[in-house]
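If you want the building blocks of each chain, they are given just below.
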Amino acid sequence: MNLSLLQSAAADNRWAALFPELPLALLALLLLVLEIVLPKRQHRSIPVVAILGQLALLVALLVNLRGGMTEQLTFNGLIRHSPTGQFFRVLFLVTSLLVSLLGVVSLARQRMPRVEFFHIVMIVSAAMMLLVQSHHFVMFFVALETVTVGFYILVSYYRTNPLSLEAGLKYLVMGALSSAMLLFGIVLLYGAVGNPALAPSGLAAGAMDFASVRQFLLAHPDNFLAQVGIVLVLSGVAFKIGAVPFQIWVPDVYQGAPTPITAFLAVGSKAAGFGALVVLAGVFAPCKSLVIPVLSVMAGATILFGNLAALTQYNVKRLIALSGVSHAGYLLIGVIAAYYDPAALSGVYFYLIAYLVASFAVFGVMTHVSGENEADQELEHYADLARTHPFLALVLVIGLGSLAGIPPLAGFIGKLMIFLAAFSAGLYVLLGIAVLGVVISIYYYFGWIKAACFSAWRLPAPAGEAAAGLPRTPVAWPARVTLGTLAVASVVLGLWQGPLIGWLLAR
Amino acid sequence: MSLLPWIPVVTLVGALLALVAGARSAAAARAVALLTALFGAVAAGVAAARFAPSNELVTLVDVPWITQLGIRYHLAVDGISLSLVVLTALAATSGVLFSWTVAERVGEFFALYLTLVAGVYGVFLSADAFLFFVFYEIAIVPKYFLVAGWGSTRREYGAMKLVLYSFAGSALVLAGLVWTYGAGGAEGFSFGALTEAASRMSYGENVAAFGLVFFGFATLAGLFPLHTWAPTGHVAAPTAASMLLAGVVMKLGAYGCLRIALPFYPVGFAAWQMVIGWLAVAGIVYAGLVALVQRDFKFVIGYSSVSHMGFVMLGLATGEVEALAGATLQMFSHGVIAGLLFGVVGRMVYEREHTRDLVELEARPMHRRLPGAAAVFVLAGLASMGLPGFSGFPAELKILVGAWSFHPIWAVAAVVGVLVAGAFTLRVMQRAFFGQFSAACGLGAGAETDDGGERLSLPEKLGAGLLLAATIVIGLKPDLLLDWIMPALQSPAFHFAASKVVP
Numbered sequence: 001m002n003l004s005l006l007q008s009a010a011a012d013n014r015w016a017a018l019f020p021e022l023p024l025a026l027l028a029l030l031l032l033v034l035e036i037v038l039p040k041r042q043h044r045s046i047p048v049v050a051i052l053g054q055l056a057l058l059v060a061l062l063v064n065l066r067g068g069m070t071e072q073l074t075f076n077g078l079i080r081h082s083p084t085g086q087f088f089r090v091l092f093l094v095t096s097l098l099v100s101l102l103g104v105v106s107l108a109r110q111r112m113p114r115v116e117f118f119h120i121v122m123i124v125s126a127a128m129m130l131l132v133q134s135h136h137f138v139m140f141f142v143a144l145e146t147v148t149v150g151f152y153i154l155v156s157y158y159r160t161n162p163l164s165l166e167a168g169l170k171y172l173v174m175g176a177l178s179s180a181m182l183l184f185g186i187v188l189l190y191g192a193v194g195n196p197a198l199a200p201s202g203l204a205a206g207a208m209d210f211a212s213v214r215q216f217l218l219a220h221p222d223n224f225l226a227q228v229g230i231v232l233v234l235s236g237v238a239f240k241i242g243a244v245p246f247q248i249w250v251p252d253v254y255q256g257a258p259t260p261i262t263a264f265l266a267v268g269s270k271a272a273g274f275g276a277l278v279v280l281a282g283v284f285a286p287c288k289s290l291v292i293p294v295l296s297v298m299a300g301a302t303i304l305f306g307n308l309a310a311l312t313q314y315n316v317k318r319l320i321a322l323s324g325v326s327h328a329g330y331l332l333i334g335v336i337a338a339y340y341d342p343a344a345l346s347g348v349y350f351y352l353i354a355y356l357v358a359s360f361a362v363f364g365v366m367t368h369v370s371g372e373n374e375a376d377q378e379l380e381h382y383a384d385l386a387r388t389h390p391f392l393a394l395v396l397v398i399g400l401g402s403l404a405g406i407p408p409l410a411g412f413i414g415k416l417m418i419f420l421a422a423f424s425a426g427l428y429v430l431l432g433i434a435v436l437g438v439v440i441s442i443y444y445y446f447g448w449i450k451a452a453c454f455s456a457w458r459l460p461a462p463a464g465e466a467a468a469g470l471p472r473t474p475v476a477w478p479a480r481v482t483l484g485t486l487a488v489a490s491v492v493l494g495l496w497q498g499p500l501i502g503w504l505l506a507r
Numbered sequence: 001m002s003l004l005p006w007i008p009v010v011t012l013v014g015a016l017l018a019l020v021a022g023a024r025s026a027a028a029a030r031a032v033a034l035l036t037a038l039f040g041a042v043a044a045g046v047a048a049a050r051f052a053p054s055n056e057l058v059t060l061v062d063v064p065w066i067t068q069l070g071i072r073y074h075l076a077v078d079g080i081s082l083s084l085v086v087l088t089a090l091a092a093t094s095g096v097l098f099s100w101t102v103a104e105r106v107g108e109f110f111a112l113y114l115t116l117v118a119g120v121y122g123v124f125l126s127a128d129a130f131l132f133f134v135f136y137e138i139a140i141v142p143k144y145f146l147v148a149g150w151g152s153t154r155r156e157y158g159a160m161k162l163v164l165y166s167f168a169g170s171a172l173v174l175a176g177l178v179w180t181y182g183a184g185g186a187e188g189f190s191f192g193a194l195t196e197a198a199s200r201m202s203y204g205e206n207v208a209a210f211g212l213v214f215f216g217f218a219t220l221a222g223l224f225p226l227h228t229w230a231p232t233g234h235v236a237a238p239t240a241a242s243m244l245l246a247g248v249v250m251k252l253g254a255y256g257c258l259r260i261a262l263p264f265y266p267v268g269f270a271a272w273q274m275v276i277g278w279l280a281v282a283g284i285v286y287a288g289l290v291a292l293v294q295r296d297f298k299f300v301i302g303y304s305s306v307s308h309m310g311f312v313m314l315g316l317a318t319g320e321v322e323a324l325a326g327a328t329l330q331m332f333s334h335g336v337i338a339g340l341l342f343g344v345v346g347r348m349v350y351e352r353e354h355t356r357d358l359v360e361l362e363a364r365p366m367h368r369r370l371p372g373a374a375a376v377f378v379l380a381g382l383a384s385m386g387l388p389g390f391s392g393f394p395a396e397l398k399i400l401v402g403a404w405s406f407h408p409i410w411a412v413a414a415v416v417g418v419l420v421a422g423a424f425t426l427r428v429m430q431r432a433f434f435g436q437f438s439a440a441c442g443l444g445a446g447a448e449t450d451d452g453g454e455r456l457s458l459p460e461k462l463g464a465g466l467l468l469a470a471t472i473v474i475g476l477k478p479d480l481l482l483d484w485i486m487p488a489l490q491s492p493a494f495h496f497a498a499s500k501v502v503p
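Same order as they appear, the protein sequences are chains A and B. Take the first sequence: its position 400, counting from 1, is numbered 400 in our numbering, and each next residue is one higher. Take the second sequence: its position 33, counting from 1, is numbered 33 in our numbering, and each next residue is one higher.
Do not take every clue at face value.
If you want the ones that stay clear, here's a sample from chain B, every Cβ over 12 Å from chain A, calculated [said to hold, decoys possible]: (1) Ala26; (2) Val58; (3) Asp62; (4) Tyr203; (5) Gln273; (6) Glu360; (7) Phe406; (8) Leu466.
Coverage of chain A stretches by chain B, computed from C-beta distances (three or more under 8 Å per stretch; other residues unrestricted) [to be verified]: (9) 403-411; (10) 415-429; (11) 439-447.
Just so you know, these hints were derived from the structure itself, not from any lab. These figures come from a predicted structure and were not determined experimentally. Backbone N, C-alpha and C define an ideal beta-carbon position, used for all residues, glycine too.
Construct the entire structure; sequences and hints are all you get.
In structure tokens:
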């Protein structure tokens with residue numbers, strides 16, 4: 001490679017186009033610098049810097065929302081900017097902000113280093129943004145691994161807690177397996193696309209580029225090597241979104257991870273997986289006849305498994321984990337429907353928004369209800385929440401109601417949009433399964449609501465033993481404002497979502 | 001300017017106010033609840049007084065809601081919905097009066113109660129299927145909390161069962177409606193647009209979609225064999241909630257069948273007609289027989305509700321104008337009577353005697369201890385048996401006539417059901433109130449010495465009086481309602497019924 005080639009490549013590096021990713025990573029670095037520079041007693045202000053910084057970035061991103069929407073390829077075709085990418089940037093920045101807020105509450109109960117937590121959360125969020133905008137398998141893999149490696153650390157962050165360590169280990173082993181599958185799939189695709197005997201001339205140079213992969217698949221939709229590659233790549237992504245049969249890690253990891261990280265996994269990691277899946281679904285579109293059956297089986301099995309397995313859970317973190325699995329199934333239906341009508345994607349995006357809002361409301365309550373050992377959160381710990389903390393109970397009821405899809409909350413509109421798209425796509429079997437899944441889910445969501453709203457009859461504690469129930473963290477005002485906003489947003493998005501849907505449809 | 005469109009909104013605001021007021025004092029929450037219920041009653045009354053019967057839905061409000069899907073916030077009223085709005089107003093008001101003695105978490109209780117009432121009003125007033133569905137769900141959710149939070153016998157089981165059945169039913173409804181919207185290519189969810197879309201579906205699709213929507217609604221209406229949530233749910237519910245559940249919420253299901261399932265899919269309806277009719281008849285007889293052998297007072301009333309709702313479903317199954325009018329009248333009538341019966345059991349008897357076991361009640365001289373309750377129950381029981389002079393009589397008569405002309409065996413079987421209803425009502429009346437009657441009258445030695453009986457409180461008297469008056473007035477002059485209902489059934493939506501005039 002000579003210098004002029006390198007120069008022309010570098011000329012395409014439009015750093016300004018990486019607006020929220022780059023400043024976010026810099027902010028993350030700034031936190032580490034602050035920890036070294038600031039005297040120890042001022043370290044308490046570092047989380048405040050993190051949160052305010054992200055808030056400022058969010059405002060800047062929203063102000064400049066239109067600016068980043070022009071479709072363009074930068075960094076030599078590694079990154080493709082699009083309105084969808086811009087949507088996910090906002091989504092991940094909000095996620096990162098909310099995880100940081102919950103992190104403050106959760107970390108206050110632990111004797112752990114603080115700063116690294118916020119640092120890694122922000123780095124991972126930036127990587128998620130790049131993941132959904134990647135246009136090249138190298139970029140894709142590097143971003144995905146950044147996310148995954150970040151999560152290895154975050155999941156086992158409370159290293160004095162054996163369950164957190166166990167979760168970290170499980171995530172590591174399963175994550176490594178899925179990365180290996182993904183990488184193998186990429187290699188097979190590379191081999192097929194780059195094969196000079198097969199490919200149209202000129203493809204070999206950019207054999208990892210999404211555009212050339214798509215072009216190759218258009219010409220050779222029946223190439224066996226490429227098909228195996230596609231299935232393996234989809235498997236790697238299925239691990240991220242926790243779809244059956246790659247859901248096996250979900251309950252243990254969600255239970256063991258610190259609650260804010262559970263929320264991050266449930267919302268951020270899942271949304272990133274779906275962002276990537278939507279991109280890949282477009283790339284693999286020429287192989288529809290392979291991709292649609294694979295995704296359909298996955299979606300049906302995911303909905304049934306998630307809901308049925310959640311029925312028997314008493315630990316709320318496992319419960320929300322398995323219910324999250326079923327939500328991935330509903331979202332998958334939307335992705336499949338998008339093969340028939342691209343407008344279905346607006347349903348997927350709206351569902352993600354509703355899921356984010358409702359999930360963080362629930363996780364926010366969980367963060368406050370839990371004690372020092374965050375893995376130990378049984379349904380019975382919620383008994384009487386309505387009497388002792390009416391505010392938390394109300395937020396919980398709205399959040400769970402939205403997740404269950406009860407009108408007029410946001411989750412219902414999300415489900416409705418996906419179901420409508422599936423109807424017009426003619427996916428009747430999947431719809432039947434989805435409707436069944438929704439009815440099953442009512443049982444465990446209402447079981448949780450019941451636990452929170454009504455006092456359970458308990459054996460009177462024998463003398464000398466402490467009464468059951470956990471010491472609940474008082475709700476400070478920033479958390480109160482956040483949770484209140486999330487609850488209100490769930491209601492408002494259920495009643496009045498016209499402009500948002502319009503915006504989503506317009507893209 | 002009609003007050004009608006404001007009822008759901010005002011009731012919801014009342015629910016919020018009750019919650020706020022309840023945090024300070026129970027009396028304030030009660031007052032808020034009563035005022036809100038009275039607002040509904042006044043608004044319904046004014047609308048009823050001014051109502052000019054027409055054969056079209058008269059639009060009250062119509063604004064876009066979710067424009068991308070063509071969903072509108074569209075409220076409208078015709079004779080059928082107005083009858084049921086009046087019923088809701090009556091049941092809601094007397095429900096508040098009958099729950100005057102609720103002492104725990106009063107604010108929350110009335111907030112949930114009023115939310116339920118708001119949902120019910122909304123359903124009866126909606127003219128957009130999607131809006132209808134949303135209000136329907138708003139009515140379902142508070143039921144769970146009311147039953148699980150303030151109920152009695154196995155309340156958590158009853159509440160969960162009730163909610164699962166309701167949601168399963170509404171999931172079917174939603175699936176059917178969305179299918180019609182998608183497959184038929186509707187422009188929105190308005191009644192007209194969906195009817196048109198359904199007519200564009202193929203025969204098989206139409207039949208299947210009708211099945212989804214009808215049986216989804218019929219679950220809430222307590223159609224046999226989907227009724228099993230009803231007795232357990234009614235028994236577990238607190239008094240006011242079971243009054244509303246049996247009195248109004250079951251009507252939501254029947255109203256959904258009448259307003260949506262039948263007019264949208266006349267083709268599918270014709271295919272399912274026989275099945276529905278036989279299920280309705282089976283429900284009438286089966287639930288009546290089960291009621292005959294119950295030991296729990298409230299279970300008797302619970303099963304009697306299922307039996308009476310069977311008449312509504314039978315009327316719908318015939319698909320003839322007279323019988324449809326009868327079914328609507330029966331919805332009103334049963335709403336009033338069931339409210340009354342549950343009020344007597346839950347509030348008047350159970351709260352004073354702390355038992356609903358008929359064997360235990362039989363051993364007590366109830367006619368002396370609670371003469372007021374006995375009197376109300378005798379009247380309500382007579383109404384429930386369908387005696388002339390009470391609202392049940394014209395309603396069941398119309399349904400039976402319709403059933404006879406459509407399928408005589410249905411009518412015969414339903415008449416057996418009427419006889420069974422007489423039997424179980426008399427049995428429960430005798431056991432619950434007059435178990436020691438002969439002993440007290442005849443042999444003085446056997447009679448317990450007792451305090452001379454307890455008087456009913458003022459709210460109870462008012463609540464019972466309101467409902468009794470309604471059933472007697474409609475019983476004596478059913479034309480008051482029929483004059484509203486019949487023109488509404490002449491509308492193009494019910495064309496399928498009008499075309500089949502009995503020779």
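Verification of the supplied hints:
With a least CB separation of 16 Å from chain A, Ala26 of chain B remains clear of the 12 Å interface cut-off, as annotated. Non-interface call for Val58 of chain B relative to chain A: holds, since the shortest CB-CB distance, roughly 25 Å, exceeds 12 Å. At roughly 16 Å from the closest C-beta of chain A, the C-beta of Asp62 of chain B stays outside 12 Å, upholding its exclusion from the interface. For Tyr203 of chain B, the condition that its CB be more than 12 Å from all CB atoms of chain A holds, with the nearest at approximately 17 Å.
For Gln273 of chain B, the requirement that its beta carbon stay farther than 12 Å from each beta carbon of chain A is met, with the minimum near 25 Å. Every beta carbon of chain A lies more than 12 Å from that of Glu360 of chain B, the smallest distance being close to 25 Å; the non-interface claim holds. Every CB of chain A is more than 12 Å from the CB of Phe406 of chain B (nearest about 33 Å), matching its label as outside the interface. Against the 12 Å criterion, Leu466 of chain B stays outside the reach of chain A, whose nearest CB is about 32 Å from its own CB.
Counting residues of the region 403-411 of chain A whose CB lies closer than 8 Å to any CB of chain B gives 3, which reaches the minimum of 3, so the coverage claim holds. For a cut-off of 8 Å, the count of residues in the region 415-429 of chain A with a CB near a CB of chain B stands at 5, and the three-residue condition holds. Interface restraint, the region 439-447 of chain A with chain B: holds (5 residues with C-beta to C-beta distance below 8 Å; minimum three).
Consistency note: the structure conflicts with none of the earlier hints.
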